[in-house]
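Take 1 as the starting number for the sequence shown in full-length UniProt numbering and just add one per residue.
Simulated from the structure, these hints should not be mistaken for laboratory data. A virtual CB, placed ideally from N, CA and C, is assigned to each residue, including glycine. One or more hints might be untrue.
Ranges between beta-carbon positions, derived for each pair [what the hints assert, rightly or not]: (1) K60 - P40: 30 to 36 Å; (2) E61 - G15: 25 to 31 Å; (3) S9 - K43: 26 to 32 Å.
Quick list of in silico lysine-lysine cross-link-like pairs, DSS-like style, CA-CA up to 25 Å [as the list claims (entries may be wrong)]: (4) K13 - K43; (5) K47 - K60; (6) K11 - K47; (7) K47 - K13; (8) K3 - K13; (9) K3 - K43; (10) K11 - K43; (11) K60 - K13; (12) K47 - K3; (13) K11 - K60.
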Amino acid sequence: MDKIWYVRSSKRKGGPFTEEELIRLIRQEIIDEEYEIWNPEMKGWMKLVDSVYSFYIPEKENEE
């Protein structure tokens, strides 16, 4: 069975999401670097930017 993920930020929380849904939400910038993620196998919440899923956060373009 796939892991189920939950997300939270200072403004919102959500879940449960499958891993595929989590990745899609990150790629679409619905979930960004301000979020934390958690699943029932973890002891506590983890910052998205400190997780393996940070790979999917789109790079910000330099504004000149």
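Original post:
Does K13 pair with K43 here, judged by a C-alpha cut-off of 25 Å?
Top reply: 18 Å, holds
**OP:** With 25 to 31 Å as the target window, see if E61 and G15 comply at their CB atoms.
**Re:** 29 Å, holds
Subject >> Straight-line alpha-carbon gap K47 to K60, limit 25 Å >> reply: Judged against 25 Å, a Cα distance of about 18 Å means the pair holds.
**OP:** Mind checking the alpha carbons of K3 and K13 for me, to see if they're no more than 25 Å apart?
**Re:** 18 Å, holds
Original post:
CA of K47 to CA of K13, is that 25 Å or under?
Top reply: 13 Å, holds
**OP:** With respect to the beta-carbon atoms only, verify the hint that S9 and K43 lie 26 to 32 Å apart.
**Re:** Given about 20 Å between the Cβ atoms, the range is violated.
**OP:** Take a quick look at whether K60 and K13 sit within 25 Å of each other, Cα to Cα.
**Re:** Given that 25 Å is the threshold and the Cα spacing comes to 23 Å, the pair holds.
**OP:** Take a quick look at whether K3 and K43 sit within 25 Å of each other, Cα to Cα.
**Re:** Distance of about 15 Å is within 25 Å: holds.
**OP:** Would you mind confirming whether the straight-line C-alpha gap from K11 to K47 stays at or under 25 Å?
**Re:** 15 Å, holds
Original post:
Given the proposed pairing of K11 with K43, does the C-alpha separation stay at or below 25 Å?
Top reply: 22 Å, holds
Subject >> Holds or violated: K11 to K60, with C-alpha atoms at most 25 Å apart >> reply: 21 Å, holds
Original post:
Could one say that the CB atoms of K60 and P40 fall in the range 30 to 36 Å?
Top reply: Once the Cβ atoms are compared, 32 Å apart, the range 30 to 36 Å for P40 and K60 holds.
Taken one by one, the earlier hints fail for this structure only at number 3.
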